[in-house]
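Trainee: Each chain, written out:
There are 2 protein chains.
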Amino acid sequence: MRGRKAPEAIPKVARNAATKQSKKRLLRFARNDALENDNMKIIDTIPRMSTLVKMLKKEGKSIGFVPTMGYLHEGHLSLFKTAKKHTDLVVVSIFVNPIQFGPKEDIDKYPRDFKRDEELSRSAGVDVIFYPSEKDMYPENYKTFVFVEGLTETLCGISRPGHFKGVTTVVAKLFNIVRPDMAYFGQKDAQQAVIIKKMVKDLNMDIDVKVLGIVREKDGLAMSSRNVYLSPDERKDAAILYKSLTKAESLIKAGERETKKITKMMEETIQKTPTAKIDYISIVDTGNLKDVNVISGEILIALAVFIGKTRLIDNIIVKV
Amino acid sequence: MRGRKAPEAIPKVARNAATKQSKKRLLRFARNDALENDNMKIIDTIPRMSTLVKMLKKEGKSIGFVPTMGYLHEGHLSLFKTAKKHTDLVVVSIFVNPIQFGPKEDIDKYPRDFKRDEELSRSAGVDVIFYPSEKDMYPENYKTFVFVEGLTETLCGISRPGHFKGVTTVVAKLFNIVRPDMAYFGQKDAQQAVIIKKMVKDLNMDIDVKVLGIVREKDGLAMSSRNVYLSPDERKDAAILYKSLTKAESLIKAGERETKKITKMMEETIQKTPTAKIDYISIVDTGNLKDVNVISGEILIALAVFIGKTRLIDNIIVKV
Chain R
3 MRGRKAPEAI
13 PKVARNAATK
23 QSKKRLLRFA
33 RNDALENDNM
43 KIIDTIPRMS
53 TLVKMLKKEG
63 KSIGFVPTMG
73 YLHEGHLSLF
83 KTAKKHTDLV
93 VVSIFVNPIQ
103 FGPKEDIDKY
113 PRDFKRDEEL
123 SRSAGVDVIF
133 YPSEKDMYPE
143 NYKTFVFVEG
153 LTETLCGISR
163 PGHFKGVTTV
173 VAKLFNIVRP
183 DMAYFGQKDA
193 QQAVIIKKMV
203 KDLNMDIDVK
213 VLGIVREKDG
223 LAMSSRNVYL
233 SPDERKDAAI
243 LYKSLTKAES
253 LIKAGERETK
263 KITKMMEETI
273 QKTPTAKIDY
283 ISIVDTGNLK
293 DVNVISGEIL
303 IALAVFIGKT
313 RLIDNIIVKV
Chain F
3 MRGRKAPEAI
13 PKVARNAATK
23 QSKKRLLRFA
33 RNDALENDNM
43 KIIDTIPRMS
53 TLVKMLKKEG
63 KSIGFVPTMG
73 YLHEGHLSLF
83 KTAKKHTDLV
93 VVSIFVNPIQ
103 FGPKEDIDKY
113 PRDFKRDEEL
123 SRSAGVDVIF
133 YPSEKDMYPE
143 NYKTFVFVEG
153 LTETLCGISR
163 PGHFKGVTTV
173 VAKLFNIVRP
183 DMAYFGQKDA
193 QQAVIIKKMV
203 KDLNMDIDVK
213 VLGIVREKDG
223 LAMSSRNVYL
233 SPDERKDAAI
243 LYKSLTKAES
253 LIKAGERETK
263 KITKMMEETI
273 QKTPTAKIDY
283 ISIVDTGNLK
293 DVNVISGEIL
303 IALAVFIGKT
313 RLIDNIIVKV
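Residue numbers (the numbering used here), protein chains in the order written: chain R, 3 to 322; chain F, 3 to 322.
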């Protein structure tokens, strides 16, 4: 659920004016959606999604849910496939959430390719794509927000103020619409995963949140929709993020426990790459995301680095 | 869900350490809770409540829910009875929510009488009292909050900053635990009702929120747990709140449309009562709670007045 930049147009998809349809018609739609199980369904309004969910619940079907902003990659697909193993039915939402973008982050340039997403989802066994409009999700006069204190003011929260409030709000909404039994997030967005888990626990949402490992390119670069905006040279340089993480891990395995020394080494490693500009490098507790001075137990090494104009993030968990 | 003051002790009720119980045992508990339908059940942990709700949902039972802070009066009972007519099963929560009290509002003095509440609930046909502990609702390191912007900075939100954030957070939590089909609130807390409805709509909660009319004493005083703290003289004086509201209504019915003139008349009426001290008198739009200068359509006349040390609120809706 992170911001990316690319000059692509929003695909035009016919949206049913579901609010104008009678409940009976909605139910008929939902029946069709549910019965033709060989076909992946695309549901593009909240009322239709709610009706379908109600029917599935009545049938006792379990729902696995993966919220995405689309422009899918192997990382997403690994979530879909795992959800498919755990639950009767996999729902994937594709929604570029405006309220998690800062005023300086250009949501209009966020990459979109619905047709491609549709094909990838189908190939991964997705049952339903939920593809609501912005107007449906945030009608005029929208006013309610969910936020998690404390965990949101570190790491990416510093360079992206308000970002996580937007994430928790949209995820709470999507959870209420899709009412999943299990929800899947990627470890690449490590802070987001911790925050969502905290929200689910604190607000007593009856959802099992699974966080799955990072899927990487051959040179170790974490999969991200943003990677396509790297020039060939930048693409090569981008491998430095993971390289610095594995070097840090080796240092810890060799006995180093002082985080300052480890982050200094990571800084020096990254600074050798001309196109790289560090946003942050942090070693934090995996639970409360607070800075750790001396490494013990389980820690998260997380970083954000600009490669050219593209901001990339990555992380690893190390246990000592 | 408002603050009241009275020097009473928290009743001691044996609480099961449900988190330590096995899931099987929880399910057995829940079965007992559900099957003995002639008896009202008292459920005092979140896991037990969740297990019971899951079972009821499987059985296709509809749930009516009334969140309260206990110390019940006729106003509450009217909600219970209406819920009983609409749904298969009525759940009432009794929880004095610490996070909706300001630092100057003494939660420890909030009136409590669980035995009395239990009897009143039983007599009103309540099926389940949900009576969680503070530690169960807000465990150490609690961090997540729900808030509604815009509607919370007027009326009671001014003299009770943070109050409504506490209300929306606890109601969101209770909704997630009890998962009601219908939820019932009193019109006496008019601003609270508008805010809850907005939260439910904005966050796509699949709950039908009903707001029921104010239940009044013979002299018009709105029922409130706080009324018992009025001295005999203050109790007489307290009738001035409703009296000023009906006078305002008469003035409007007679053709007056300028809110300034109406509120001035109300001020003068109330100021004649020696024990009364006005907190606010407002005439606002019933939807967005914004001040109205010239009355048209449907408006809410709301006021908060201290009678001695006791802060009372009341309101009426007037259509022109």
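It should be emphasised that the hints constitute simulated quantities derived from the structure, not laboratory data. Note that the structure is predicted; figures quoted are calculated from it, not measured. Keep in mind that a hint or two might mislead.
The list cannot tell twin chains apart, which means a pair is met if one copy fits it or any two copies do.
What the hints assert, rightly or not - Straight line, CA to CA, 30 Å or less: simulated DSSO-like cross-link-like pairs of lysine-lysine:
{"id": "1", "residue 1": "56", "residue 2": "212"}
{"id": "2", "residue 1": "167", "residue 2": "106"}
{"id": "3", "residue 1": "43", "residue 2": "279"}
{"id": "4", "residue 1": "145", "residue 2": "321"}
{"id": "5", "residue 1": "63", "residue 2": "279"}
{"id": "6", "residue 1": "245", "residue 2": "87"}
{"id": "7", "residue 1": "292", "residue 2": "137"}
{"id": "8", "residue 1": "106", "residue 2": "220"}
{"id": "9", "residue 1": "262", "residue 2": "145"}
Trainee: At most 30 Å between C-alpha atoms: does residue 262 with residue 145 qualify within a copy, between copies, both, or neither?
Mentor: Between copies only: 29 Å across chains, 42 Å inside a chain, cut-off 30 Å.
Trainee: Between residue 245 and residue 87, at a C-alpha cutoff of 30 Å, which is it: within one copy, between copies, both, or neither?
Mentor: Neither: 32 Å inside a chain and 65 Å across chains, both beyond 30 Å.
Trainee: Have a look at residue 167 and residue 106 and pick one of within, between, both or neither, based on CA distance no larger than 30 Å.
Mentor: both (16 Å within a copy, 29 Å between copies)
Trainee: Since the copies are identical, ignore which copy is meant and state whether residue 43 and residue 279 lie within 30 Å (CA to CA) inside a copy, between copies, both or neither.
Mentor: Neither way: residue 43 and residue 279 sit 43 Å apart in one copy and 61 Å across, limit 30 Å.
Trainee: Is it within a copy, between copies, both, or neither that the alpha carbon of residue 56 lies no farther than 30 Å from that of residue 212?
Mentor: both (23 Å within a copy, 21 Å between copies)
Trainee: Should residue 145 paired with residue 321 be assigned to within, between, both, or neither, using CA atoms and 30 Å as the limit?
Mentor: Between. Shortest inter-copy distance 26 Å satisfies the 30 Å Cα cut-off; intra-copy 42 Å does not.
Trainee: Using 30 Å as the alpha carbon limit, work out where residue 292 and residue 137 are close: within a copy, between copies, both or neither.
Mentor: between (37 Å within a copy, 24 Å between copies)
Trainee: With 30 Å as the alpha-carbon cut-off, assign the pair residue 106 and residue 220 to within, between, both or neither.
Mentor: neither (33 Å within a copy, 60 Å between copies)
Trainee: Please work out whether the CA atoms of residue 63 and residue 279 approach to 30 Å or closer within one copy, between two copies, in both situations, or in neither?
Mentor: Neither. Shortest intra-copy (48 Å) and inter-copy (58 Å) distances fail the 30 Å Cα cut-off.
Comparing the model with each numbered hint stated earlier shows that hints 3, 5, 6, 8 do not hold.
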